[in-house]
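Number of protein chains: 4
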Amino acid sequence: MSGSTFGNIWKITTWGESHGTGVGVVLDGCPAGLPLCEEDIQIYLDRRKPGQSKYSTPRKESDAVEIQSGIFEGRTTGTPISMAVYNRNQRSADYREIASYYRPGHADYTFDQKYGFRDYRGGGRSSARETIGRVAAGAVAAKLLGMLGIHFLTYVKSIGPVAIAPERFDACQISQNPLSMPDAVAAEKAQEYLEQCMKAQNSSGGIVECIITGVPAGIGEPVFCKLDSELARAVFSIGAVKGFEIGDGFAAAQADGLTNNDAFYYDTDGAIHKKTNHAGGILGGISDGSDIIFRAAFKPTPSISATQHTVNQDGENICVNVKGRHDPVIVPRAAVVVESMAALVLADLMLANMGARVDQVLERYQKHNS
Amino acid sequence: MSGSTFGNIWKITTWGESHGTGVGVVLDGCPAGLPLCEEDIQIYLDRRKPGQSKYSTPRKESDAVEIQSGIFEGRTTGTPISMAVYNRNQRSADYREIASYYRPGHADYTFDQKYGFRDYRGGGRSSARETIGRVAAGAVAAKLLGMLGIHFLTYVKSIGPVAIAPERFDACQISQNPLSMPDAVAAEKAQEYLEQCMKAQNSSGGIVECIITGVPAGIGEPVFCKLDSELARAVFSIGAVKGFEIGDGFAAAQADGLTNNDAFYYDTDGAIHKKTNHAGGILGGISDGSDIIFRAAFKPTPSISATQHTVNQDGENICVNVKGRHDPVIVPRAAVVVESMAALVLADLMLANMGARVDQVLERYQKHNS
Amino acid sequence: MSGSTFGNIWKITTWGESHGTGVGVVLDGCPAGLPLCEEDIQIYLDRRKPGQSKYSTPRKESDAVEIQSGIFEGRTTGTPISMAVYNRNQRSADYREIASYYRPGHADYTFDQKYGFRDYRGGGRSSARETIGRVAAGAVAAKLLGMLGIHFLTYVKSIGPVAIAPERFDACQISQNPLSMPDAVAAEKAQEYLEQCMKAQNSSGGIVECIITGVPAGIGEPVFCKLDSELARAVFSIGAVKGFEIGDGFAAAQADGLTNNDAFYYDTDGAIHKKTNHAGGILGGISDGSDIIFRAAFKPTPSISATQHTVNQDGENICVNVKGRHDPVIVPRAAVVVESMAALVLADLMLANMGARVDQVLERYQKHNS
Amino acid sequence: MSGSTFGNIWKITTWGESHGTGVGVVLDGCPAGLPLCEEDIQIYLDRRKPGQSKYSTPRKESDAVEIQSGIFEGRTTGTPISMAVYNRNQRSADYREIASYYRPGHADYTFDQKYGFRDYRGGGRSSARETIGRVAAGAVAAKLLGMLGIHFLTYVKSIGPVAIAPERFDACQISQNPLSMPDAVAAEKAQEYLEQCMKAQNSSGGIVECIITGVPAGIGEPVFCKLDSELARAVFSIGAVKGFEIGDGFAAAQADGLTNNDAFYYDTDGAIHKKTNHAGGILGGISDGSDIIFRAAFKPTPSISATQHTVNQDGENICVNVKGRHDPVIVPRAAVVVESMAALVLADLMLANMGARVDQVLERYQKHNS
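Those protein sequence lines, which keep their order, are chains A, B, C and D.
Be aware that the first sequence starts at 130, since it is given in the working numbering, and climbs by one per residue.
Be aware that the second sequence starts at 130, since it is given in the working numbering, and climbs by one per residue.
Be aware that the third sequence starts at 130, since it is given in the working numbering, and climbs by one per residue.
Be aware that the fourth sequence starts at 130, since it is given in the working numbering, and climbs by one per residue.
Bear in mind the hints are in silico, worked out from the structure with no lab data behind them.
Treat the hints with care, since some could be wrong.
As the list makes no split between identical chains, a pair holds if one copy fits it or if it spans any two.
As the list claims (entries may be wrong) - Straight-line distance between alpha carbons at most 30 Å, and here's what the computed DSSO-like set of lysine-lysine pairs gives: (1) Lys178 <-> Lys403; (2) Lys272 <-> Lys328; (3) Lys183 <-> Lys452; (4) Lys403 <-> Lys328; (5) Lys403 <-> Lys272; (6) Lys272 <-> Lys452.
Please read these numbers as outputs of a predicted model, since none were measured by experiment.
Excised from the complex, chain A in its bound form:
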């Protein structure tokens, strides 16, 4: 089937493999008139670029984006925006060995089972390079959302056993340490933990948290296109994600109703607010005007150089040490991917919500006609 398209109105289609010509995305459904240039995209791509610290793969990839369509005189035209990043620093030779066996924790085995063979170079389509297209399109979504007053704060909440402490939370710290943690102390400890992992030729998992501010109440469609279910799907489509929760998440399963319900009240401004936000900004699948807060759990990078047991294609049980240039932890680079997927979901559902009421439709077209 065709699993490379995402979204209904704001729709993206990604293509490309780790070691092919390149990777890219076609974004269809962006409204006309949005100011957009390659720099808007590049800023986002640079946040996932490897080689920025010793805690990410030392591969040097410039990942320079080219916009190939959909822009005229600096603005989107309403037609598809094709964006591509061509591969430049591939060393396919690194990967030839892995053609013969199945790397534990990777999609090698399942692709072979599904398709009968696989592009084994760098993981092919299941490579993390596939996310470049998502981030490029997410950058466009984020630009539109920014004009609507919607902003994202995305960071690493934990790496292995090391989590940030709420009392030390400092958003300014996110860009001050190589792990994108909003807590200088935790970032320090996490680096120590990662050093141990790297010495042991091992890797670590982690948690990314995202806070979205400025989302108006009313976004999300009942039943199957709830805002939270679309976010869950979007984030879970990122390789290595094993858990997703919103608001209090799994902790809510241990709570009681009286504690977990968020009380409404009229503030002095006459507007309705909530005293707490256990719900994470979504009630019945629809945004309630509070901050939207969610978390994604990433498993440890499966590519490790430590000795592992697996099978080869000659029917033998073997031991392997996966070579290559791997990230000891993926979450610092994955944060922008999570944010991008959330931006894509929001852009899509905000467009879907444009005609939720008859009076909005009447107003739009009566103005149009007069």
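Let chain A serve as the given structure and place chains B, C and D on it in line with the hints.
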């Protein structure tokens, strides 16, 4: 927009509100020739029926399903299967009061924000009765999957702070206690906990776990229609779900790669197996032939009779005690809804996978032509 | 697969067979706040009801619609509107004979080839009764469009060799003759022609024409969701349609560019108009503000009592006289089906167009936020 | 919205404008294992390439395709196939003048109305260059279909008033004349007619006919995804198409049932055949095993150098002579676009049909499991 349709090839569309004429579903895309009768559906619906123990709402709803199309001489015809459950035990009067205020933890406020008004009777479209259509269609999916050797084991893993103990796990217990827990001791403790909740006019959250056996390797589509991302979306579309995880889930975020990777090996039968199943049966979004294991966290039932703060439509901050016949905990009845959503996802992705390889397409049509 | 769902934002799913419990439709995506009652739907259904003249089947079907969800206090709520017509006047016995052979011109053979068997009663899912769901949903679309100043004029342009004459066109005549022709003279001649057909136990084809007024410029999406291509698909999905054309249609293939191009001009009101409308109101797949004009060619009713050659399931070449109560011509009843499909397309594309420009999105949400 | 994606399982997304970086397509859903190289695509693209005769635009465009993903060691991998043709021979200066006025018969006016502005260079997204992506993807579909024994014969049936004569039909002639007509006499007359058009700085319309052989019975989904309605939509999405008909098409509207019904019979081979094929190979929206025959009517090329009336953006009624290098007739180059769209529809519906019956699903997965 239209959020009431789910699936691509095996596609369902649900309709109905808590206190309207009824609720129902149209299932389109079921292959022709599946033996099906109302009893197949009713068995599933009875698992979510209220009034079966003192831990669920005392409302008596027979929830008798009627199949209205798509069956001829006891078999599916390949055309849409319309199924409906008509409402019989509505007491709309119970709900008239709640027209005037927003219940904390409910979708009252967000529906009003989105649509300008709402059907306030019993929560309208956001009522848990909406899930009847999902379960009816899920029962059909489960019947097809059963013929393919795929089976579900779904149960309550925890209620509030009370969780089952792995060493006491006993699948036979699930049907032996009113909380569907596979651990008699935990079930006993959970009942005590719920008694306290009920005395305090309060409610509890909980976790549902689902194990799917018999899924062949190769199911799931790369990138955006991964098996895990479709399951996440499906389960998160159930009201009250706040978290979803697969395999080790959030625990994987604290693990290291060497521990978390599942080693492959050839067994004496010559087939490839995994020594462990931290991945929960999915690698790169595609089933690996192991059991699929996932969990969903449900928040406490928001409808509680204890006093809560909220706002009314006259602009006042008020205290309320939500009347009605509520479930002190939803997870025992929600288990079959979780299972149904998983069955719908699997049926859809297994049909999507039919033509994954050219040789499968050739074989199908060459046979057809000869 | 699932071919019973139509539309992206304004989405319908139909179900039901000729001789099952009934037929129905779920309409999802209708904006909230549209005043709607069963009478709005019934008026449309009555236009396709059989038994209204001697030129349609003498079956008496009341075709009374029931709205089962999505309405609260007389207005749409934004949630799915389920509508059903239950079958009351089935004589399945009439059809038992046709289980044994394939009626020429019908889908009996192709359904068997596809699904391995078929619901042979009255054509099952391929019966014209399936269109009831389309008309019910089309009535809702037409109500919304009417509020936007968009109106339909749909009529029979020709029956067999008898066509209306442009110089005698009189819209008032449409409701004055049993054939819905806007030309009294042609209607008279067509009735004579049909009398001959009926005597010969034969049937006739015909052409339906539809004019849509009041569509603003800008409706339709480039490339694959052009307004004309969506209309073509919609109309061609009606059983018995064999041709579709817009504006000058097939005649344009014989024309030259200078004649066929419609010249633009500024009228005294300062607005841009076209001197002619060869294009039928659509340029580049997008409405240009002129009337939209299209035609659908219907083949003769395949059910005829005259002797025909065919095969039976025992491997024999046989002669048959198809019994039952058939329409000698389908176009008078089909006109409202054509109109309904056009209304569904327009409603969907007008909602899709709500956020075509960034400034429209900004205006919508800035108002929302302030 | 996003109108640049077509298909459900075999899905394409096109991008690009006439005078941007290039045009391209992402094909997602092609089964794994199909042998494919750029030459397979180029053969198709060359059939629509301009500059091949004096009856097409003298623009020289090499239109060399690059495959950018989805192929490994000469075979498709099951992942998206990105194909691009970069623009090389653009003369944007030619088009600067048309920024100021609306060309009659073009989408200039409607794009402005929809989006507020337009990429006026060469028609931007509404340029015929957009069809390059369709043809590239259609070539892949045709390759797969060819392996299944399905073949296309597509040709020009008429140009202006000059039509082929059935008694002179000779498929070998199609490649022997610059107009792709299967009738040498008609081709000669059509060339004379076009010479007159060109002298008058005028253009001509025409009709393309397509015959598809080898399609097994059973392809097409009931109700809204009928094979004929999908073909209608697909072909009508090609710019300049104003009419579509299948089998006898509009002529069927003038026929009687006894003549129009195709009688079934058992042939000496024991298989069921039809004595005639008025239906064009489709009954009830599903292929019946006969040849599929359809026609598309194209309007005359709207770009002509003869003097026309129109409006400019300063509010003036003006006369224009549209400059540039235009095709006096589009149908010879459009034939391969029609064929490509038909191939895309067939590939999609044949994949959709893979699991139409439960026994096919069982067979597929029981084999898989054993």
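Structure-based check of each hint:
1. Lys178 <-> Lys403: Intra 39 Å, inter 33 Å, cutoff 30 Å: neither.
2. Lys272 <-> Lys328: Answer is neither; intra-copy 41 Å and inter-copy 51 Å both fail.
3. Lys183 <-> Lys452: within (17 Å within a copy, 59 Å between copies)
4. Lys403 <-> Lys328: Answer is between; shortest inter-copy Cα gap is 27 Å, intra-copy 48 Å.
5. Lys403 <-> Lys272: within (28 Å within a copy, 39 Å between copies)
6. Lys272 <-> Lys452: Neither way: lysine 272 and lysine 452 sit 39 Å apart in one copy and 39 Å across, limit 30 Å.
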